[in-house]
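Okay, here's what each chain looks like letter by letter:
Protein chains: 2
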Amino acid sequence: MTAVSAREHSIDPFGTSSVNDYERLCSDFGIEPFGPMLSKVPEPSLYMRRGIVFGHRDFDRILESMRGRKSFAVLSGIKPTGEFHLGTLMTAKEIIYFQEHGAQTFYCIADVEAYEDNKIAFDRSMKTATDNVADMFALGLDPKKTYIYRQSKENRVKDLAIILARPVTLATLKAVYGERRIGLYLSALIQAGDILLPQLEDFDGPKPTVVPVGIDQDPHLRFTRDLCKVFKRKYGFVLPSSTYHKLIRGLDGSPKMAKRLGNYFTLHDKAETVVEKVSKAFTGGRNTVEEQREHGGVPEKCPVYDICLFHFVESDDAIRKTYHACKAGELLCGEHKEQVIDCVLKFVKEHGRRRRKFLEKAKAVVLAP
Amino acid sequence: MTAVSAREHSIDPFGTSSVNDYERLCSDFGIEPFGPMLSKVPEPSLYMRRGIVFGHRDFDRILESMRGRKSFAVLSGIKPTGEFHLGTLMTAKEIIYFQEHGAQTFYCIADVEAYEDNKIAFDRSMKTATDNVADMFALGLDPKKTYIYRQSKENRVKDLAIILARPVTLATLKAVYGERRIGLYLSALIQAGDILLPQLEDFDGPKPTVVPVGIDQDPHLRFTRDLCKVFKRKYGFVLPSSTYHKLIRGLDGSPKMAKRLGNYFTLHDKAETVVEKVSKAFTGGRNTVEEQREHGGVPEKCPVYDICLFHFVESDDAIRKTYHACKAGELLCGEHKEQVIDCVLKFVKEHGRRRRKFLEKAKAVVLAP
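These protein sequence lines map, in sequence, to chains G and A.
If you're matching positions, the first sequence starts at 47 in this note's numbering and goes up one per residue.
If you're matching positions, the second sequence starts at 47 in this note's numbering and goes up one per residue.
In short, the hints are calculated from the structure, not lab data.
It is possible that part of the hints are untrue.
Copies of one chain are not kept apart here, so a pair can be met inside one copy or by any two copies together.
Derived lysine-lysine pairs resembling DSS-like cross-links, with alpha carbons at most 30 angstroms apart [unchecked claim]:
#  : residue 1 : residue 2
1  : LYS407    : LYS347
2  : LYS280    : LYS403
3  : LYS253    : LYS199
4  : LYS275    : LYS220
5  : LYS403    : LYS323
6  : LYS280    : LYS139
7  : LYS383    : LYS302
8  : LYS280    : LYS199
9  : LYS165    : LYS275
10 : LYS278    : LYS326
11 : LYS302    : LYS116
12 : LYS278    : LYS407
13 : LYS173    : LYS347
14 : LYS280    : LYS173
15 : LYS383    : LYS165
16 : LYS347    : LYS326
17 : LYS302    : LYS253
Only a predicted model underlies this, so the values are computations on that prediction, with no experimental measurement involved.
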């Protein structure tokens, strides 16, 4: 493991992360850049095509399974602390992408982490999780083909945590996560259990597993991969793979959407809330219309451009046009915001309609013992 | 909590403890001396009568339940790392005493601790536990009236550990247990879960619970009682009570029987092993027969006297006679050893016969999911 501290990049799975330099991050933490992979992926996802998935660990192994139609798994999850927002939406789409490309699919509701880290009681997180799972189904996750579970109810995951704990020293935990309460270390061990769950005999044993996550979750991957090596002989674990997506900027221009900043909207927000939040969003625009006509805008630092790039413009051609129109000073912020608001409202409305249909199903899945 | 460090007394639940001054220990850690209780106990056990149970926490509450025939529980257990020996035998007898005096009885097989602390695989500790439970039944534990479980299979205990973990800081764990691997902290949390298990709704809710243990286990009690206060409002937990017995001396005269010193015999040892170990035991005798006839022996530091006092002489009159005969120089070590060997062999033989009858039953109980 590299000597560079996570703190330097502010990569913190239990906090709010920010990343200024994804390339440096890759080289510091031994994450491979995703770019060179792209041409080998049969049908790259939107995030892959747009460079939003910027890095990976051992994705070659997943690629081999995808191309050879061999068994592999995808696992990711959600911490049930609130409504689906544009950040959780990313992981959702990534899981669905791998499911549609043949992965055995695991969706983890990280209610132990929500409890240990955010003090959210299990009955409350159960309700939130039901909503989240309905969102997942509305987005296209196949209920019949996905193993959805709550950490607090999945004994195999808790038992893995106990087993994996043995060789772990405090020094290791401090190096990876910083000085934390025991509950957070425990939830890190449980996350390691999550990541290895697809490889247990109950799920047909060891196999390549991809974990698509935001870069802030990389400490969990590093920790799990190190443990995986220790227990390889006993369990035959294949080292889990991961992909890393960039973090979507907050509407206030800050590097990440965060609950405590209120700098995002959720998929459940009312139309007027969405309109207000996008209207007031920070942009990559200039101080005056004249300046912007002359020098163009700066989409690279614009959260309004970000939400198009990450979510609301499906066509790569269309997003390219938006980018160049902004750079050329042809597309001004006000106009762009109006376009974006239209897209968002259309999506939110359609999504809301779909998710209502899945609420009962979601409830049954989350309540299942 | 007192500022005196456990290290000063070498009270270490994960190691080998020694205690030179039980009185000072009581005052340093806020353990109440048991003596003043004795006259109030309706039928005090052998260990209580002989001052082997020297301290307690909140035993008044248990006494009240015993006298008023109100509901209370006893919980203790065994770390399944080897055969039953004279140390584990003590806890066994204490549990049985409280069971016979009306306690709802819980017997915990601490296989998670055996795994985290002693690296013993779960399938191996299962076999050891089967033997240990057969010993318990042979000693008089009522299979029908005891809830016997393995930590690794008791999800309620593991879930309690997760719940209890949240407010616990590393500083607290270090203060109570010293700097340890996470696995040992995790097993401390699971022990706290064990101690509170009898108070869950599944077992008819909050109630006084007595945990009879060796003084080396007191850190678990202090830790659990502190947590209990934090979760009192949510669960209505009654602060658990405990009794503390002195540690039985090793046959080499060292303060505790310990596997790595080989200074004890087990209930499964062959007759010739028992004979050899007791024959070679350190005693409180003098250098020469003449000196001993003149000054008498020192039973207070004699492990051969200890095993009579703790285990093999039921009658208080008989043990008193032995004590005075030794002090008066009438009973010499060789003769006493012969008496003791007879007692031990008789006990071991009878016990072996009884335990063989219980092996199948024990297997069924330990294997039960």
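(message) Tell me the numbers of any earlier hints that the structure contravenes, in ascending order.
(response) 1, 2, 6, 10, 11, 12, 13, 15 and 17
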